Every structure is written in structure tokens, then in C-alpha cells.
Amino acid sequence: MEIQSGEGPGFLATNLERAVAWARKYSIFVYPFVTACCGMEYMSTASGHYDMDRFGAGLPRFSPRQADVLLVVGTISHKIAPILRRVYDQMCEPKWVVAFGVCTCTGGFYDNYSTVQGIDTIMPVDIYIPGCPPRPEAVLDGLIKLQAKIENQKQAL
Amino acid sequence: MTPTDTSKETRSMLLNIGPSHPAMHGVIRLITELEGETVIKVEAEIGYLHRAFEKSCETSSWTQAIPYTDRLNYVSPLINNFGYCAAVEKLLGIEITERCKYIRVIMSEISRITDHLTCIAACAMELGAMTAFLYLMKAREYLYDIIEAVTGGRITISYGRIGGVKGDLPADIGPQIESALVKSEKEISEVDKLLTRNRIFVDRTRDVGVLTRDNAVRYSVTGPMGRASGLNYDVRKAFPYFVYDRMDFDVPLGERGDNYDRYLVRMEEMRQSMRIIRQAILQIPDGEVQIDPHFKTMKSFDLVDEAKMGRTEGLVNVISEVEPTLGGMERPFHDRVMPKDKRVVLPNKGDTYGNIEGLMNHFKLVMDNHGICPPPGETYFAVEGANGELGFFVASDGKDRPYRVRVRPPCFFNMAVLHTMLEGYMVADIVATFGTINMIAGELDR
Numbered sequence: 377m378e379i380q381s382g383e384g385p386g387f388l389a390t391n392l393e394r395a396v397a398w399a400r401k402y403s404i405f406v407y408p409f410v411t412a413c414c415g416m417e418y419m420s421t422a423s424g425h426y427d428m429d430r431f432g433a434g435l436p437r438f439s440p441r442q443a444d445v446l447l448v449v450g451t452i453s454h455k456i457a458p459i460l461r462r463v464y465d466q467m468c469e470p471k472w473v474v475a476f477g478v479c480t481c482t483g484g485f486y487d488n489y490s491t492v493q494g495i496d497t498i499m500p501v502d503i504y505i506p507g508c509p510p511r512p513e514a515v516l517d518g519l520i521k522l523q524a525k526i527e528n529q530k531q532a533l
Numbered sequence: 179m180t181p182t183d184t185s186k187e188t189r190s191m192l193l194n195i196g197p198s199h200p201a202m203h204g205v206i207r208l209i210t211e212l213e214g215e216t217v218i219k220v221e222a223e224i225g226y227l228h229r230a231f232e233k234s235c236e237t238s239s240w241t242q243a244i245p246y247t248d249r250l251n252y253v254s255p256l257i258n259n260f261g262y263c264a265a266v267e268k269l270l271g272i273e274i275t276e277r278c279k280y281i282r283v284i285m286s287e288i289s290r291i292t293d294h295l296t297c298i299a300a301c302a303m304e305l306g307a308m309t310a311f312l313y314l315m316k317a318r319e320y321l322y323d324i325i326e327a328v329t330g331g332r333i334t335i336s337y338g339r340i341g342g343v344k345g346d347l348p349a350d351i352g353p354q355i356e357s358a359l360v361k362s363e364k365e366i367s368e369v370d371k372l373l374t375r376n377r378i379f380v381d382r383t384r385d386v387g388v389l390t391r392d393n394a395v396r397y398s399v400t401g402p403m404g405r406a407s408g409l410n411y412d413v414r415k416a417f418p419y420f421v422y423d424r425m426d427f428d429v430p431l432g433e434r435g436d437n438y439d440r441y442l443v444r445m446e447e448m449r450q451s452m453r454i455i456r457q458a459i460l461q462i463p464d465g466e467v468q469i470d471p472h473f474k475t476m477k478s479f480d481l482v483d484e485a486k487m488g489r490t491e492g493l494v495n496v497i498s499e500v501e502p503t504l505g506g507m508e509r510p511f512h513d514r515v516m517p518k519d520k521r522v523v524l525p526n527k528g529d530t531y532g533n534i535e536g537l538m539n540h541f542k543l544v545m546d547n548h549g550i551c552p553p554p555g556e557t558y559f560a561v562e563g564a565n566g567e568l569g570f571f572v573a574s575d576g577k578d579r580p581y582r583v584r585v586r587p588p589c590f591f592n593m594a595v596l597h598t599m600l601e602g603y604m605v606a607d608i609v610a611t612f613g614t615i616n617m618i619a620g621e622l623d624r
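Taken in sequence, the protein lines are chains A and B.
If you read the first sequence in our numbering, its first letter stands for residue 377, the second for the next number, and so on.
If you read the second sequence in our numbering, its first letter stands for residue 179, the second for the next number, and so on.
Since the hints were derived computationally from the structure, they do not count as laboratory data.
Computed from a predicted model, the values in this text were never measured in an experiment.
Some hints here could point you the wrong way.
As the list claims (entries may be wrong) - With a cut-off of at most 16 angstroms between alpha-carbon atoms, the simulated EDC-like pairs for lysine to aspartate or glutamate come out as follows:
no.	chain 1	residue 1	chain 2	residue 2
1	A	Lys455	B	Glu223
2	A	Lys530	A	Asp487
3	B	Lys477	B	Glu499
4	B	Lys520	B	Glu273
5	A	Lys401	A	Asp465
6	B	Lys233	A	Asp444
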């Protein structure tokens, strides 16, 4: 996108796909599926000090139908896994999934009978943010990477 | 019976709240039976965050279990750390150093404040007070800065060690803690002004979710919830551990046992915790480290190289520099926070890198089947967690792995009594009551 200025008011030259990508990138509505420890860092990231709102992802939506990004925050046990999958299925396209914390990436150090060894065994994942829990800076970095991914992918129009 | 008759029949309605519900912090399912807007029966289904804590402890060594305790109550992990370590120390019969006791008290109280801040913030947010949430998160961030300066981590810190703590406090931590407390206090008093006399907040919480003193005793509810119901029990006062008996603090008690009382008790407990921290900073022994100026410092890998080449003269007096993450574990600091007990305490990093005895000692303690081996036996030790009595029952069969680690999570009892606090009230009160209980799924489901 670039602003062309000449005589009179300027105009914006772009194609539809790039405009949509730009809009989607900066209006992320997250559904925080918070189960465990990582929720503390999610709260910190969303609050004033780190301020996720700077990246256009400030408003959490607690209804899967209104959300674009499913933020899976915290350990997923085998008991909660079907519920997580159902939340994912209820979300409308286009949708993205962020695995927040090492438990959601690989199961972390909960290598035992009760923990799902990474949520990518039950749903596709776009961005992995490892860390136990990841620092807010790492979360923001993950968010920026997700935005880059959203911008560069083929947009369903 | 005709179809028209059945249509007139009134039936109660079953409603699931959770497990994926913004107000059910973490994961819990409340199966409620409603008659109109009134709740007539509640059943809580737990176990959605079962992470096999107890089983994992049995397959790891005594020291390796410490990170698992962090993640029990992840809002105040330091208290869990120290509770577990103190239980194992009781089993081993180790007396920790004076300075370490003060460090544990200071860090526990900082953790308690962060826990209460999070609880009140979440509760206020669920009742629509987003501003209070943001203010309290700001206050919590100042305290996380202190925790980070001391332990190197923000939340899951693994700072406790059997016999002491990971490392000594940084040199100038006193003024840092004081300034963090002043800043947090300011935010807390702002929230006090916003919430305590707020008509909406008081209406939603006053005389709602009442827990009677009898019920609190019957269900063995402890902590802020029990105290809000007038149950005068605080482990710090009843069975003083570390150096709580030297601290001057009050235990706030509620009268009605409703949500508003629980809120007030938590607010007051934060102020009392700050009092304790300030006293502990004044009393903590060995404020300064005496480092002999004649001692040389050397990078630890250079030290090893020198020793390999046989140039060992004077190496005994060289202090090896360690990487920043091991700060507070150098020789001058190590002895202040760790007892001299080679059975359980890793040697200081200077000795580990600098001489063969230290290396051997370290090696013996981290090897499988050679680590810390408490004598066969079992013991129970309780600390005052942010939600109530947090107890650890540890059993040893003389091996380097725990035979059994059982936690008494305070939340479990709070969940058991939950139905008496919800039944008879309105559906909308569930959120308010549940918010003030401060359910932490990590320690509830383990």
C-alpha cells in the first residue's frame, strides 16, 4: 500500500487482498482459553505494563463465534481436550491458533498419563510460544509473528 | 395425564457453568439446578487440570520435585516452594540459617500480596470493574520486578532449595523492595477508594455467598475464607514457622462471612504482609558481605584450565566468577543461606568449579541413586498459603526419590464448601462468590 499524492486529495493504491490482510492483522480478537499458570502471564501481557492493545489485540472475546485467534493458555489435560477441540470447531473462518506456553507446545515437563503432549495432536497450530510460562515480551513477539503470518498468507475473501 | 397437564408442571432447569467460562478461572464445571433465577443445587466437577503432581514427584528426586510445587498454586509459587522444602527439612532434621528464614519470610509475603492482588483484580473484573483490574495488575507488576531481581524468574521461580534458597538476596534489594511496596500501596489505596464504598460492588457482594463459621469449621476451611467467617486460624500465628513469631502483625477477621468480608480481609492482609516485609528487612542478619580485597577473582573455566596445567598455587583463595544466573551462589553468599550439611546442600559454585572435593560433592548429590536420601519416615509440615493452610505430607523409604508426596491444597476444601455458599442465591451471584473464593486449579486438581 502506498499513498499517491498529486493534485487534490491523495488516494491509496492497493489491491483488495492486501487491504484485507492489513485489516485482519491489526484487528485480532483473541479467545483466551486459560487453564493454568500461563494465565498469569497472559493477564500481565494484557494489562498496562506490556499492553497487548498496542498490537490491535487488546479485546478478548469469550465467545468462540466472535474470535479470530484461539489462544490456548496453559496445560491441556485429556479431560479438557475435547472441550478445547469443540471451542476450536465453533470458531468461524478465518481462524488461527496460538500455543501459549510449553505445555501446549509439547506437554512440557508434564510427561505423564494425564497431559496432552502438545495441542497440535488435536488441532492445527499456527504459532508456538514456548516458555514455562513465556515472558510477556515473548508473548508479544509471538503475536507479532502471528501478524506477519496473517499478512502474508492467502486471504479468504 | 393429558399433555396439557404436563405443560403446567414446573421443573427445575439444569445449567452447566464452565468448564470453559471466563468466570470459572481456569477450569471447573458447576452443574447448577435452577428454579427461575434461584440456584437450588450446585455440584462442582473438578479435575480438568489434573497434572499428576503426586505421581510425578515419586518419579523424580527430592530436589526435582521443587519445580512441580511451583505450579501448584501458580499465583504464589514461592510459598509452595518453601512449604515443600520445609517439610523435607523436617524429615531430614536440618536447621536452616537465620538469614535464610528471613529471606523465606520476605519472599513468602511478597507472594501472598501478589496472590491477593490477583484474586481481588479478577473478582472486580468479573463484576465489571475493569479499572480496578488494571490498577491491581500494575501493582502486581512492581512486585514481580522484585521477585525477578531475587530469583531470576517472574512466576515459576523454583527459588527454594532443600536446606535453604537458591542464592542470596542481591546487594541493594532493601531499597528496591521498599520502593516497590510504596508503589503497590498507592495502587491498592486507589482501588480501595474505587471499590470499598462503591455502591455497585457493595450491592453485589454484601450478604451474598455467606459462609457461616460453623460450616467453615465443618469443612476445614482455612485462610482468608475461614478468617472472613470469623474463624481465627492462621498457621503463622498458631504454629509459627521460620521467623513469624518475631514479627508483629494482626490477623484480620470478618464478621459475616460474605463476599464483601472476604474482600476486606484480603485487602487488610496485604497491608499486614507489607508490615511483615518491612520488619523482616530491618531485622535480617548479615546485611553486608565481607569480601577480602586480597582475593583474586577468575572466570571459572580459566580456573579449571589453570588447575589442569598444574598451576595450583594460590588457587584455593581465588573466587571463581560465575555466570549471572548463578548469582548469589558464590562462596561468600552461599554460606549465609545454606547450612553446612554435605548430605543435602550443593557446594558453592566456586568450590564446584574450583576444587575436586566440591566437584565430587556436587556430583554425588546430582547422581541418580546418590542424591538427597532422607531417613525412612514420614512427616507433615504446613505453611500459611495465600488461600489457607498449605500442607505437605512427605514419606521417605530412605531412597533418593520421595516415596510419597501428598499436598493438602487449601482450595480443595473451599470447593467442597462451595455449594453451601451458592445455594439459595441468584445465578448472577455465582460469579461474585466464585471470584472471592480464589480457586486455583493447579493446586485443586494437582
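The hints, checked one at a time:
1. Lys455(A) <-> Glu223(B): With a Cα-Cα distance of about 11 angstroms, the restraint between Lys455(A) and Glu223(B) holds, given a limit of 16 angstroms.
2. Lys530(A) <-> Asp487(A): With Cα atoms ~37 angstroms apart, Lys530(A) and Asp487(A) exceed 16 angstroms; violated.
3. Lys477(B) <-> Glu499(B): Answer holds: Lys477(B) to Glu499(B) is near 5 angstroms, not above 16 angstroms.
4. Lys520(B) <-> Glu273(B): Judged against 16 angstroms, a Cα distance of about 13 angstroms means the pair holds.
5. Lys401(A) <-> Asp465(A): Since the Cα atoms of Lys401(A) and Asp465(A) sit roughly 22 angstroms apart, the hinted pair is violated (cutoff 16 angstroms).
6. Lys233(B) <-> Asp444(A): Not OK: Lys233(B) and Asp444(A) at ~38 angstroms, beyond 16 angstroms, violated.
Figure legend: structure checked against the earlier numbered hints; hints not met, in rising order: 2, 5 and 6.
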